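Turn these sequences into a full structure, and let the hints steer you where they fit.
These are the residues of each chain, in order.
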Amino acid sequence: MIPGPFSYHRPVTLADAVKLLSTLGDDARPLAGGHSLVPMMKLRLATPEHLVDLHGIDALKGIRRDGTRIVIGAMTTQHDLLASDEIARSLPILHETALLIADPQVRYRGTIGGNVANGDPGNDMPALMMTLGASYRLEGPGGARDLPASDFYQGAYFTALEPGEILTSISVPAAAAGHGYAYEKLKRKIGDYATAAAAVVLTMAGGKVATCTIGLTNLNETPLLATDAAKIVIGTSLDEATLKKAAAAAEAIMSPASDARGPAEYRKHVGGIMVTRALTRAAARAS
Amino acid sequence: MNDMTPTREQREAKLEGMGCKRKRVEDIRFTQGKGNYVDDVKLPGMLHGDFVRSPHAHARVKSINSEEALKVPGVLAVITAETLKTVNLAWMPTLAGDVQMVLADGKVLFQNQEVAFVVATDRYAADDGINKVVVEYEALPVLVDPFKAMDADAPVLREDLAGKTTGAHGPRKHHNHVFEWTVGDKDLTDAAFKKADVTIKEMISYHRTHPSPLETCQCVCSFDKIKGELTIWGTFQAPHVIRTVVALIAKIPEHKIHVIAPDIGGGFGNKVGAYPGYICAAVASIVTGKPVKWVEDRIENLTATSFARDYHMTTEIAATKEGKVTGLRVHVLADHGAFDACADPSKWPAGFFNIVTGSYDFPTAHLAVDGIYTNKAPGGVAYRCSFRVTEAAYCIERGMDILAQKLGMDPAELRLKNFIKPEQFPYHSALGWEYDSGDYHTAMRKMMESVDYAGLRKEQAEKRAAFKRGETREIMGLGVSFFTEIVGAGPSKNCDILGIAMFDSCEIRMHPTGAGIARVGSKSQGQGHETTWAQIIATEIGIPSDDIMIEEGNTDTAPYGLGTYGSRSTPVAGAAIAMAARKIKAKAQMIAAYKLEVHEGDLEWDIDGFRVKGLPEKTMSMKDICWAAYNSVPPGMEPGLEAVSYYDPPNMTYPFGAYICVMNIDVDTGVYKVRRFYALDDCGTRINPMIIEGQVHGGLTEAFAIAMGQEIRYDDEGNVVTGSFMDFFMPTAVETPHWETDFTVTPSPHHPIGAKGVGESPNVGGVPAFSNAVNDAFSFLGSTHIQMPHDYWRNWKAAKNLGVFA
Numbered sequence: 001m002i003p004g005p006f007s008y009h010r011p012v013t014l015a016d017a018v019k020l021l022s023t024l025g026d027d028a029r030p031l032a033g034g035h036s037l038v039p040m041m042k043l044r045l046a047t048p049e050h051l052v053d054l055h056g057i058d059a060l061k062g063i064r065r066d067g068t069r070i071v072i073g074a075m076t077t078q079h080d081l082l083a084s085d086e087i088a089r090s091l092p093i094l095h096e097t098a099l100l101i102a103d104p105q106v107r108y109r110g111t112i113g114g115n116v117a118n119g120d121p122g123n124d125m126p127a128l129m130m131t132l133g134a135s136y137r138l139e140g141p142g143g144a145r146d147l148p149a150s151d152f153y154q155g156a157y158f159t160a161l162e163p164g165e166i167l168t169s170i171s172v173p174a175a176a177a178g179h180g181y182a183y184e185k186l187k188r189k190i191g192d193y194a195t196a197a198a199a200v201v202l203t204m205a206g207g208k209v210a211t212c213t214i215g216l217t218n219l220n221e222t223p224l225l226a227t228d229a230a231k232i233v234i235g236t237s238l239d240e241a242t243l244k245k246a247a248a249a250a251e252a253i254m255s256p257a258s259d260a261r262g263p264a265e266y267r268k269h270v271g272g273i274m275v276t277r278a279l280t281r282a283a284a285r286a287s
Numbered sequence: 001m002n003d004m005t006p007t008r009e010q011r012e013a014k015l016e017g018m019g020c021k022r023k024r025v026e027d028i029r030f031t032q033g034k035g036n037y038v039d040d041v042k043l044p045g046m047l048h049g050d051f052v053r054s055p056h057a058h059a060r061v062k063s064i065n066s067e068e069a070l071k072v073p074g075v076l077a078v079i080t081a082e083t084l085k086t087v088n089l090a091w092m093p094t095l096a097g098d099v100q101m102v103l104a105d106g107k108v109l110f111q112n113q114e115v116a117f118v119v120a121t122d123r124y125a126a127d128d129g130i131n132k133v134v135v136e137y138e139a140l141p142v143l144v145d146p147f148k149a150m151d152a153d154a155p156v157l158r159e160d161l162a163g164k165t166t167g168a169h170g171p172r173k174h175h176n177h178v179f180e181w182t183v184g185d186k187d188l189t190d191a192a193f194k195k196a197d198v199t200i201k202e203m204i205s206y207h208r209t210h211p212s213p214l215e216t217c218q219c220v221c222s223f224d225k226i227k228g229e230l231t232i233w234g235t236f237q238a239p240h241v242i243r244t245v246v247a248l249i250a251k252i253p254e255h256k257i258h259v260i261a262p263d264i265g266g267g268f269g270n271k272v273g274a275y276p277g278y279i280c281a282a283v284a285s286i287v288t289g290k291p292v293k294w295v296e297d298r299i300e301n302l303t304a305t306s307f308a309r310d311y312h313m314t315t316e317i318a319a320t321k322e323g324k325v326t327g328l329r330v331h332v333l334a335d336h337g338a339f340d341a342c343a344d345p346s347k348w349p350a351g352f353f354n355i356v357t358g359s360y361d362f363p364t365a366h367l368a369v370d371g372i373y374t375n376k377a378p379g380g381v382a383y384r385c386s387f388r389v390t391e392a393a394y395c396i397e398r399g400m401d402i403l404a405q406k407l408g409m410d411p412a413e414l415r416l417k418n419f420i421k422p423e424q425f426p427y428h429s430a431l432g433w434e435y436d437s438g439d440y441h442t443a444m445r446k447m448m449e450s451v452d453y454a455g456l457r458k459e460q461a462e463k464r465a466a467f468k469r470g471e472t473r474e475i476m477g478l479g480v481s482f483f484t485e486i487v488g489a490g491p492s493k494n495c496d497i498l499g500i501a502m503f504d505s506c507e508i509r510m511h512p513t514g515a516g517i518a519r520v521g522s523k524s525q526g527q528g529h530e531t532t533w534a535q536i537i538a539t540e541i542g543i544p545s546d547d548i549m550i551e552e553g554n555t556d557t558a559p560y561g562l563g564t565y566g567s568r569s570t571p572v573a574g575a576a577i578a579m580a581a582r583k584i585k586a587k588a589q590m591i592a593a594y595k596l597e598v599h600e601g602d603l604e605w606d607i608d609g610f611r612v613k614g615l616p617e618k619t620m621s622m623k624d625i626c627w628a629a630y631n632s633v634p635p636g637m638e639p640g641l642e643a644v645s646y647y648d649p650p651n652m653t654y655p656f657g658a659y660i661c662v663m664n665i666d667v668d669t670g671v672y673k674v675r676r677f678y679a680l681d682d683c684g685t686r687i688n689p690m691i692i693e694g695q696v697h698g699g700l701t702e703a704f705a706i707a708m709g710q711e712i713r714y715d716d717e718g719n720v721v722t723g724s725f726m727d728f729f730m731p732t733a734v735e736t737p738h739w740e741t742d743f744t745v746t747p748s749p750h751h752p753i754g755a756k757g758v759g760e761s762p763n764v765g766g767v768p769a770f771s772n773a774v775n776d777a778f779s780f781l782g783s784t785h786i787q788m789p790h791d792y793w794r795n796w797k798a799a800k801n802l803g804v805f806a
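If you read the sequences in order, they're chains A and B. So for the first sequence, my numbering puts the first residue at 1; every next one is plus one. So for the second sequence, my numbering puts the first residue at 1; every next one is plus one.
Because the hints were derived from the structure by calculation, they are not lab data. Check before you lean on any hint, since a few could be wrong.
Taking lysine-lysine and the DSS-like style, the derived pairs with C-alpha atoms no more than 25 Å apart in a straight line are [said to hold, decoys possible]: (1) B:K321 <-> A:K245; (2) B:K227 <-> B:K251; (3) A:K189 <-> B:K148; (4) B:K585 <-> B:K201; (5) B:K42 <-> A:K42; (6) B:K321 <-> A:K187; (7) B:K201 <-> B:K321; (8) A:K187 <-> B:K164; (9) A:K187 <-> B:K673; (10) B:K132 <-> B:K148.
This one's a predicted model, so the numbers in the text were calculated from it and none came from an experiment.
Okay, structure coming up:
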């Protein structure tokens with residue numbers, strides 16, 4: 001549990017950080033909250049020679065409204081999200097999900113940028129960002145680009161980030177007025193990753209589902225959008241048969257690992273239940 | 001009488017003696033971060049050692065190359081088995097009569113086994129060095145499943161035992177066999193089964209788990225070459241035993257070994273035995289001439305340092321059709337891992353598992369335990385229980401529920417029908433114990449009334465009907481557990497560790513001003529001895545507990561004791577304290593008689609001093625007697641006021657309790673909710689009710705963890721898959737249920753203050769309550785027994801196997 005030797009850098013501008021990362025190449029890793037990277041370093045499963053700490057860059061922090069979108073700096077902590085009136089008002093599901101991440105100590109330190117950029121299938125925010133139609137701003141030696149969250153994840157810990165690039169902010173469209181939402185997460189205990197989790201954002205019209213997006217956490221090596229399941233529920237009043245069909249459609253795209261949380265068969269089964277429960281709870285919240 | 005004279009109640013209250021909810025004095029430093037733990041010991045020039053560990057569960061070690069490691073800046077030495085052989089320490093004896101490799105000698109037998117010890121100027125350099133040691137392994141077939149250990153073609157694990165047909169506990173039947181231990185009357189028991197109206201048979205497993213104290217095992221060893229003295233600060237539950245073990249194996253005279261156990265952050269049995277880290281740190285200090293610190297991390301603690309349980313118990317009960325038990329037959333397959341490193345009293349290879357007849361009047365019983373070797377970490381320690389009592393309690397309490405189910409009887413009613421009756425105490429059990437005292441019926445009925453047992457059963461019946469009608473997906477279980485513990489090891493006639501009788505000791509020294517110090521052979525790891533021991537003395541000699549300082553853990557100053565585990569401190573050390581206090585009081589009485597110019601027999605004790613019978617105004621307080629002890633003792637009497645007592649208990653003590661768990665389980669997800677947990681404990685005389693409540697809360701939380709998910713699990717290759725707190729279930733306050741505690745008081749007739757010990761009862765009684773709740777919930781769907789741990793996915797699996805999703 002003792003990390004190997006490394007050099008520590010703390011740039012104060014984004015340009016310096018990008019420069020450091022592109023110059024140092026594969027031997028360097030950016031450091032945000034450190035909740036994934038530091039334990040890996042303590043086990044010497046990760047042995048970066050350089051750590052580029054992003055905490056000194058003020059431009060990476062904060063939550064602001066930009067027209068119909070909410071822009072969140074990558075170094076904004078889960079605690080900051082929970083303390084934000086803007087988030088509570090415009091993206092209540094983000095508030096609900098942040099509360100289900102680990103415990104207060106972790107949330108004081110853990111950042112939304114680290115959560116989405118690491119490509120860890122166990123993290124909660126990636127599937128939620130896909131559900132909300134968020135996009136990520138990536139800045140690197142070649143300049144800045146915006147990428148939809150749904151195009152970002154390529155495999156466990158593999159993402160669209162190019163060498164030297166940093167995920168600097170997340171832009172999320174404010175949810176529609178009167179929308180319903182729910183993040184259902186089954187976990188063994190506080191601090192654990194999801195055995196299975198589902199995010200649902202929907203709108204209702206005349207007692208029927210008008211629009212619906214469903215995201216799935218930790219049920220595949222990347223976060224998933226359960227598109228077929230969402231299609232199944234649109235136009236229905238979420239009767240029991242529809243819920244069953246939607247859960248089955250969602251389960252069809254899941255391929256979780258068997259681990260101490262349970263065999264894959266169990267995780268898929270409860271993944272379907274999380275979808276059902278999230279749909280039901282979201283619908284009840286919609287107006 | 002003037003108004004300032006304190007009333008009897010005020011004088012009594014001022015003592016804060018037995019029965020008082022005195023706040024824990026040690027918490028003043030603990031809550032301010034001012035404790036002094038082993039890792040706080042920092043000595044000038046101190047070095048740090050850490051282990052190269054095996055990635056394989058079973059492999060031959062072809063070579064160890066330290067060349068590159070020794071080039072790492074700060075690395076001073078790499079110790080291997082070859083180094084240790086030069087001082088004859090490559091292997092060490094275990095408390096169970098086996099031997100254990102200190103460092104891999106030719107092969108490794110479990111994953112994370114210690115292979116080499118790297119010594120460096122700091123912890124970082126040590127770990128850098130570890131990464132540069134090159135070990136060449138040749139993988140060997142791995143034995144994980146205990147049920148395959150004694151197959152004819154099972155891999156040979158212990159090559160060092162080749163040709164040894166007899167072990168420390170008798171004949172060995174197979175190359176992977178450790179011992180067979182049998183107790184009871186086989187013929188009589190077989191006959192009872194032949195005659196029985198009803199029998200049950202079930203293989204009940206108690207899975208491998210781990211005590212996992214928050215502070216891991218650690219030590220600092222400092223060898224003074226000039227004086228030839230070795231000082232060891234360590235996380236030791238039994239520091240005096242460690243000193244003797246070191247003297248025996250390191251051949252250093254015992255008076256030149258100083259063992260100091262400072263504050264300890266939890267032990268739960270994990271810190272009783274001796275580990276390779278202690279030996280290596282001591283050898284490293286002798287070799288380098290500098291102090292050497294060894295601190296294991298969480299993964300090392302969980303994967304290499306003593307596990308607990310791993311008992312597979314084939315349980316049979318014979319009964320009449322009316323539900324009267326007539327015989328018990330148990331066979332245990334005990335998985336000891338690679339070495340038998342159980343920390344039991346020496347003559348007891350399966351601890352006190354023969355308490356397995358529990359609280360019931362079995363006319364006959366027979367028990368056989370087969371210990372076997374597998375490619376897993378050694379251990380088998382008593383995780384917050386007296387030796388193997390938790391396993392025994394789980395076995396019989398699960399067995400009684402299974403019998404109740406077969407008879408169609410209520411499990412509480414079956415227990416009431418078979419309890420040992422109050423008039424049968426002292427009770428001689430079929431497997432050889434003499435239970436000191438008990439009133440089981442009263443405790444059980446109090447529990448049933450407190451929770452409205454009948455009402456809960458009614459609610460359960462309604463819920464079951466609703467489930468069958470498809471109106472709910474929740475099932476409800478009631479887990480009844482009635483346990484009898486056997487603690488306070490133990491009488492010298494049957495308990496020793498390496499030949500040392502399991503007494504305990506206390507030395508009290510009263511100072512002239514009426515304050516004093518008591519040194520005790522036990523060693524608190526969080527139990528609150530500094531608080532409770534003073535309370536016993538306060539009541540016995542009438543000096544406020546605040547004026548008594550308690551000291552433990554330094555073998556140079558404390559009298560020899562066998563330490564703290566197996567709930568033995570109150571039954572044994574607590575008795576020694578009371579007896580030493582009574583010696584003080586006896587001398588005090590002589591001094592008081594002399595000063596008051598009366599005959600000793602004319603004095604009577606009155607709360608905090610003596611008074612002359614019939615002349616209540618003629619008194620002498622204990623405080624004044626202390627002063628007199630140093631200036632005007634009777635002619636011929638030695639001055640001073642101190643006493644020592646070494647207490648050899650005449651018998652064990654037998655605490656008991658009635659627990660119930662009310663649980664709901666969602667069959668779709670397997671998620672459970674503990675709705676209610678009620679624990680009634682009878683630990684005899686209660687010294688500090690607040691501390692008892694705290695102990696019960698802690699033990700129940702561990703029981704909850706164990707029953708509902710906490711396990712050390714291996715894959716087929718012998719890799720530990722639960723090596724961190726992510727996967728090894730350590731509940732937080734959020735998961736932990738609310739505990740309701742209650743009590744009855746049945747004092748021990750043979751203990752000086754009637755106390756029985758309580759620290760481990762909640763772990764012993766709690767586990768069957770949780771497991772019985774889960775099993776009771778599923779029983780109406782046709783299940784008889786579901787193995788622990790009952791985590792979410794296994795509950796779902798159980799539901800699935802019972803056709804709930806068909």
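Could you tell me which of the numbered hints above are not met by this structure, giving the numbers in increasing order?
Result: hints 1, 3, 4, 6, 8, 10 break, sorted rising.
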